[in-house]
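Numbering follows UniProt numbering, in which position 182 of the sequence shown is assigned residue number 182; successive positions increment by one, without gaps.
Since the hints were made in silico from the structure, they are not lab data.
Fair warning: there could be bad hints in the mix.
[Stated by the list, open to error] With beta-carbon atoms standing in for the labels, derived distance ranges:
hint : residue 1 : residue 2 : range
1    : Ile150    : Phe89     : 18 to 26 Å
2    : Pro104    : Val129    : 47 to 55 Å
3    : Asn126    : Arg151    : 27 to 35 Å
4    : Asn142    : Asn93     : 46 to 54 Å
5    : Asp188    : Asn105    : 45 to 53 Å
Ideal Cβ positions, reconstructed from N, Cα and C, are used throughout, including at glycine.
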Amino acid sequence: MSTTRRRLKEKKHSKMVKKESEDVDKFGTPKNRYLISSACESLSARGFLRSYKSYTPPANASERVIEIAKVVLGANYQNEDHLKHSDKFALLNECFKEFNHCVPNSMLHTVTGVADVVNFYETPVNTNVPYDELVKQDLPPNLNIQPDYIRFNPETDTLFKGISAFPQSSTIVTGLKTKKKYKGYKADPPENYGGTANFEKQNPYN
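Please construct the entire structure, taking both the sequences and the accompanying hints into account.
In structure tokens:
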């Protein structure tokens, strides 16, 4: 290696080391913590299910996949246990156009032959969470599931004239979807209650 090339390599390496040292503090913690926190918030908002589309396979799914394989791969489609990358792409692309349902990236490595493609398009995809499925089932009479939240709100819960059993407990709704369904409620601060004497004055049942 010439002296000039060696110096350029050393200079590039020193810049990379400097860049890495600028991105972390003396304890090795990333300085851009807001990037990490935003990524964590994004993951938590997704839940444990990926954003898959629901899919109900048609009754003739296998026949339609085989017809597509005949057109794309030719007469020897039955011998294709290990598809080439180009044939695999062409076959899956035509199947996506036919069924409007594609193989996700996380499952591409499991599809190696025509039989795997047939098996994929014969498998239904249910995007409902297990809790919602349990609510829809025919439950025994001694089991009851409350699918919606029940939270106190002084404007709607008038059984005790708007007095809560937990006077310092607020209902804070942060999700955009849940805000349309559930109404938040901000409880009064503790100093507004003034202890037991003030609470007894507010209690209409005394």
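Which of the listed hints are broken here? Going through the list in order, the structure violates hints 1 and 2 and respects the others.
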